[in-house]
Amino acid sequence: MKPKTKKRVTVLIFLLPWIITFFVFELYPLLYSLFVSFTKYSGLNPQTTFIGLENYARAFQDEVFIKSVLNTLIFVAGTLPFTIAIAILIAILLNHLNLKFNGLFKAGFFLPSMISMVVISMIWIYMYSGTGFFNTVLHFFGFAVEERSWLANQNTALGSIMIMDVWASFGYYMILIYAGLQNIPYSVYEAARIDGAKPIQIAFKITIPMIRPTLFFVIALNTIRSFQIFTEVFTMTNGGPRNSTETIVHYLYRVSFRNYEMGYGSAIAYILLAIIMTITLIQKRALRSDYL
Amino acid sequence: MLKRLLVLLLLVLTVSLGLAATKLTFWQFMMDQPTSDAVLEQFRKENPDIQLEVVQLSWGNGKDKITTAFAAGNPPDVIELGNTWMPQFSSEGVLMNITSEIKKYPNITGWYQTEYKNQYYGFPWLLGTRVLYYNVDLFIKAGLDPVNPPKTWEETLAAAKKISALGKNIYGFGLCSGELYSPTQQWFLPAVWGNGGNVLNSDYTKATLNTKEVSDAAKFYQELARYSIKDKQTGVEQAFGEGRVGMYVAGAWSISTLQTTYPKLNFYLGFVPKPSKDKGTHASFAGGEILTIAKNTKNKDAAMKLVEYLLRDDVAMLITKRVPQIYPSNRLAILDPWWNENPLYQMFVKQNTYAVAAPLYTRWEDVEIELTSMIEEIILDYNDVDKTLKKYNDKIQGILDRYK
Chain A
91 MKPKTKKRVT VLIFLLPWII TFFVFELYPL LYSLFVSFTK YSGLNPQTTF
141 IGLENYARAF QDEVFIKSVL NTLIFVAGTL PFTIAIAILI AILLNHLNLK
191 FNGLFKAGFF LPSMISMVVI SMIWIYMYSG TGFFNTVLHF FGFAVEERSW
241 LANQNTALGS IMIMDVWASF GYYMILIYAG LQNIPYSVYE AARIDGAKPI
291 QIAFKITIPM IRPTLFFVIA LNTIRSFQIF TEVFTMTNGG PRNSTETIVH
341 YLYRVSFRNY EMGYGSAIAY ILLAIIMTIT LIQKRALRSD YL
Chain B
31 MLKRLLVLLL LVLTVSLGLA ATKLTFWQFM MDQPTSDAVL EQFRKENPDI
81 QLEVVQLSWG NGKDKITTAF AAGNPPDVIE LGNTWMPQFS SEGVLMNITS
131 EIKKYPNITG WYQTEYKNQY YGFPWLLGTR VLYYNVDLFI KAGLDPVNPP
181 KTWEETLAAA KKISALGKNI YGFGLCSGEL YSPTQQWFLP AVWGNGGNVL
231 NSDYTKATLN TKEVSDAAKF YQELARYSIK DKQTGVEQAF GEGRVGMYVA
281 GAWSISTLQT TYPKLNFYLG FVPKPSKDKG THASFAGGEI LTIAKNTKNK
331 DAAMKLVEYL LRDDVAMLIT KRVPQIYPSN RLAILDPWWN ENPLYQMFVK
381 QNTYAVAAPL YTRWEDVEIE LTSMIEEIIL DYNDVDKTLK KYNDKIQGIL
431 DRYK
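Chains as they are written, first to last, in my numbering: chain A, 91 to 382; chain B, 31 to 434.
Hints in this document: simulated from the structure, not taken from any laboratory.
What you are looking at is a predicted structure, and each value in this text was computed from that prediction instead of being measured.
Beta carbons are placed, not taken as given, at the ideal position from N, Cα and C, and that holds for glycine.
Treat the hints with care, as some may be off.
Unchecked claim - To be clear about the criterion: a stretch of chain A counts as covered by chain B if any three or more of its residues have a C-beta under 8 Å from a C-beta of chain B, and this derived list gives those stretches:
id : region
1  : 207 to 214
2  : 217 to 228
3  : 324 to 330
4  : 337 to 350
5  : 359 to 370
Chain A extracted, bound-state conformation (with noise of 0.2 Å):
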């Protein structure tokens, strides 16, 4: 065997685990999903019939997906901007402040992240419950509120699902912001200090500009992981009261695994595929980051 035959086989050889779960578990399932995306196909049988794109027809006329689209949307937008000006603000304070117990802190905001979904999920429900937290908080300042879970109530439960969601996943993303702004140079702060910058200028002419590739991943990562949110809905409201906490990916579930309509369900999972893939791609140009 030459040298160069040998190496391309001991490379092919150690890359082969990835390979094959790539085909098995990923290239298989997705290609398999798109064939059943064209069919009536209910799961329990073996049975599929081609129907063409009938059911992709069929979601734009259904009025819980198109729901189940906007309640994502108005999740995206209403939590990605607080997420990551949380995350940005507080990454900036632990950077410069240098504080006393600055691992504590970062320790402290990063632990949510480190807590399964579904038993954050669990902890909320109790405190949005009709004599929960938040209910006798507001009844201790003289409120009048009725005693129901405000996962109960269609004008709270998507809200309620919001909040809970910042909290649990800024601290993940701060990090990731921390770790950026570590790796800027000290001595450009201090070359521009020198020159006379103020802070603001400081701010947006050299730490936002110098963390734009990590800022850039974090935004697409949020706002996929957003726009796939199912866990929370689940655990909490199972998509109700109403629709009102119905997203794409619960309703997809539901479609698939509660109604037996695969075919259906793939549809809907390749229209979240394109709706991410747009929107992700519009941010890289918005960004203009080479990132990705």
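Put chain B on the given structure of chain A with help from the hints.
Leaving out everything else, chain B in the frame of chain A:
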């Protein structure tokens, strides 16, 4: 020499494989590990050749697991299914048709839950229903008879009014809302059934919400809502436990929750009220656990043996004694002395004579989601009852037409 040894080894392997036990898998929801060990101990002794593997599923994602197992073409041999899921699974043709077996079980009741197009696809195993819970202390405080809870809708309304007048955080009744299943199953649908109505016609081609029976039940429900706490089931139960709710409808699982979490609470049980003295029935929601066998099982005989064993009255009673929220479908089980020692649970057996199961329609889950929204509009927004019924009648008709 080596060759001979190999041949011998192969021979031994084949023989031992042939003699090895039949492997039978049983997926179920109701029994935790200690319960299933106790219940199946006798079966394992009687059938040493069957290697039984029991898996407990959770109500949260058990149905998904069953679905994926069927989709993968590798379902368990014996599966416990909720009675409302039966039409979906039967219509997909993945369950064994057991119509010819029925005559072997003259003491088992509730076969109608397993029927699909005149064929039967499962064995009714365990039943459960809901009764009226009431707070004895609040009844006395409000000057109501603490021994005779309300029997009719009118009496219920009057009692609820009196109890809710006792204080600001005290409610006459507890109605479930804001989640799936409980709003329809606790009382709305049974109230409709008790009033002689239904939401679908008998062959599931027409939505029948625009009938007087449904409309009267809905109007009563709306009136009752004015004196009620309206929250998720856990919220209602908590408020009842704290002694702030006069009455609510719930299953037997609430007994143990209430007794352990709120030991001071003084409550008792009654029939679910009926429309009026001379009209309607005390209808309540019938939950049922069905034993089914996968159509393509390789162990049909072993599976049948297991089902036969589980349906025995003494075996099923073992489960009731450990998980007293369900009781055997075998009518001989009522002879067990356990019932006399546990009068609260006996109430559920009495109530069961009036229990009604949800329509066995393949798309029932879709219909139930619409009904849940409808109930919310009636009891939370106090929307005009007849207009709301009309709106949802059209929506449900749409479902019926789509999946004709």
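These are the hints, each one checked on the structure:
Coverage of the region 207 to 214 of chain A by chain B is violated. Counting CB-CB distances below 8 Å, 0 residues qualify, and the rule asks for three or more. Using a Cβ-Cβ cut-off of 8 Å, 3 residues of the region 217 to 228 of chain A lie near chain B, which meets the minimum of three, so the contact claim holds. Judged by the Cβ-Cβ criterion of 8 Å, the region 324 to 330 of chain A is covered by chain B as claimed, because 3 of its residues qualify and three suffice. Residues of the region 337 to 350 of chain A lying with their CB closer than 8 Å to a CB of chain B number 4, which satisfies the three-residue condition for coverage.
With a cut-off of 8 Å between beta carbons, the region 359 to 370 of chain A has 0 residues touching chain B; three or more are needed, and the interface restraint is violated.
Violated hints, listed in ascending order, are 1 and 5; each of the other numbered hints is respected by the structure.
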